[in-house]
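Trainee: Residue numbers (my numbering), protein chains in the order written: chain A, 1 to 274; chain B, 1 to 274; chain C, 1 to 274.
Any given hint might turn out to be false.
Note that identical chains are pooled: a pair holds if it fits in a single copy or bridges any two copies.
What the hints assert, rightly or not - In the DSS-like style, the derived pairs of lysine-lysine whose C-alpha atoms are separated by at most 27 Å in a straight line are: (1) 11 to 194; (2) 194 to 4; (3) 194 to 238; (4) 109 to 186; (5) 11 to 157; (6) 106 to 238.
Hints listed in this document are in silico derivations from the structure and should not be mistaken for laboratory results.
Here is what each chain is made of, one letter per residue.
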Amino acid sequence: MFEKILENVQKNPPLVHSITNYVTVNDCANIILACGGSPIMADDLSEVAEITTICNSLVINIGTLNERTIQSMIIAGKRANALNHPVILDPVGAGASTLRTGTVEKLLKEVKFAVIRGNISEIKTVYQGSGTTQGVDADVNDAVTEKNIHEVIAFAKALSAQTGAVIAITGATDIVANSEGAYILKNGHPLMSKITGTGCMLTTVIGSYCGANADAIFEATAAAVSVMGLCGELAHAKLENVNGGISTYRTFLIDCMSQMNANILNGGLKIERA
Amino acid sequence: MFEKILENVQKNPPLVHSITNYVTVNDCANIILACGGSPIMADDLSEVAEITTICNSLVINIGTLNERTIQSMIIAGKRANALNHPVILDPVGAGASTLRTGTVEKLLKEVKFAVIRGNISEIKTVYQGSGTTQGVDADVNDAVTEKNIHEVIAFAKALSAQTGAVIAITGATDIVANSEGAYILKNGHPLMSKITGTGCMLTTVIGSYCGANADAIFEATAAAVSVMGLCGELAHAKLENVNGGISTYRTFLIDCMSQMNANILNGGLKIERA
Amino acid sequence: MFEKILENVQKNPPLVHSITNYVTVNDCANIILACGGSPIMADDLSEVAEITTICNSLVINIGTLNERTIQSMIIAGKRANALNHPVILDPVGAGASTLRTGTVEKLLKEVKFAVIRGNISEIKTVYQGSGTTQGVDADVNDAVTEKNIHEVIAFAKALSAQTGAVIAITGATDIVANSEGAYILKNGHPLMSKITGTGCMLTTVIGSYCGANADAIFEATAAAVSVMGLCGELAHAKLENVNGGISTYRTFLIDCMSQMNANILNGGLKIERA
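Build the full structure now, drawing on both the sequences and the hints.
Mentor: Rendered as structure tokens:
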């Protein structure tokens, strides 16, 4: 499964334009390289349209947004739309401030997204226009459980129908949905939430996979989420051998991404259609 | 010693708002997670008050300040004061430029700090309103020695009396003082000065510990300084085994923070009342 | 060879001011420390001249430039020129947008550079005022080969004559030229292009070496390029032992820089005069 998705990334390495936060930007650039893409970060109003033009996809991450970069996100998003480049949104901390929630609303009005990826609290905020996000982590009351998973899937499908975007909700269990169907993905490891940027990094992997698979956004997104989760597991296994902590875990996570291939993926994939 | 401080961080993981520099921000976010907190970085004027409101403490670091973020620091600081959240100041490079020295002066006028942490040159600048800081490192002429340590403690106590903040002066020997007393802390390793951001990281650990121990700022600060120093020692011991350089050292330092507990701390603590 | 260059860095650790991008800034700060310098990053218009004044060299990197920082680059560059501090330019992505190409042109008019370092596409853009840079990587059509190397050297010499700067063109084979001569440097490893920031990091190592060897810019630049390439090789050798991926490679690269000395360098140097 997903062999073709990974093959396309290797055969046509995508150039990925990110307008992103300064907290995790270095990890994002390195994981784009690790997964087979080539990163370019640029956020000045006077160059973002040109930069997006030479790229294959655009990732918009609102992690440390400010008035200057919000404008750049809209300009770049519109250009990417005009060129039919997939645009991926990471609504970091949506629900935690009026600026973030309002910016997401504005972006959704001005830009057509191919994929929106966030934790459950962020995605609920995108859906409802308000939320209870605690900082940049999901509200514990929002957790996806065996009990409510079908409800969450229904809401993801509805949001997909409303926005036209594939919706990726990530957490202990991940959901990737379009308006018609969904995947439940169970790869991953709890340690992933103990380092900063696993969400941001995943979003750029989605951006890379979609950049090389613009005609298969749903599959490319599911592949990226699966690969990231599996890297989380493999990195944990390596960590046990060296008695490492969270910083070594971060290193191993990106290492595993750079060593990923279809064989490894198929050996570890935990995915089902819902 | 400090068992209660560490226990409170584990029991009530603090959400820490940082307005900080873009050089060491990723390490700061990861070490907040490593020590048991949850980081959020946000610096836009239109959201900092809201973000601070949902957090337990605020860290202000002037490492790469600019006109935009200075305003954000003041707005966030005032809000945190209004909510009685501890606010921690890291006056990076105070004394190295008029902007930095002047910003510290302005911040001290507008915001009440719970803790101020810097190297001896930075803290002298805070005290005197001018200094001889060489870049972001302490001036060698300022070094804390056996000979002048009681003079430095007296000055730290005076600055604490003047500002109401606990003063943490870090270097080969660390001093944590309030207006009435002081700790001399001798954990640490010279390699800590060979990586960027150990000071910034320590300040965010102080922010995390104070966020979970708002009624014990003096003890929480001393605990954070001790823990960071001990991590520096433990990371060095691990480094010897693998013949690593400074980048591996940085990784091990954060690893050790994520593996710290009260037993390890008590086994290595080098602290005395002065 | 280059013993004196390295010795001067150790004897008089240079303070290096960088106005740089937020993607690779942390790696740049750490590699400045690793190679024996001391980093300070500052980009606000109101402090850059003062900060440059207390430093030994200035590195200008346009990786994530914006209107605010372009002004700071010019102000800092002029001050560094007035003080005879070496100024190093890294024209990241020149050719990829009008803003970048135009900024390089403006910088070259306003500031006298001691060294300009980039990949072949970026340097061609500097020379021609336009280019075909693909994002931040060199255009494959621009590759330096056995066949065209003497043509590239001739063009590097011409650019040096035109700008007065030592020109460093880095890639699979590196060239360092002034108006009269050139080095061909063959240290390095292909994995270096699989992590973000090796170019940016090299530029700050050049900044450090030039800061401590202001009267030997040509030799200092060649030494820095050689050292970085050799670190790339040594890091790869270490990587094989641990079956690591690109993030471990990044760690080892900076580690090797912190463990470098004249003996190691002379044991691995692959350099010839052209």
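Trainee: What hints, given by number in increasing order, does this structure fail?
Mentor: 4, 5 and 6
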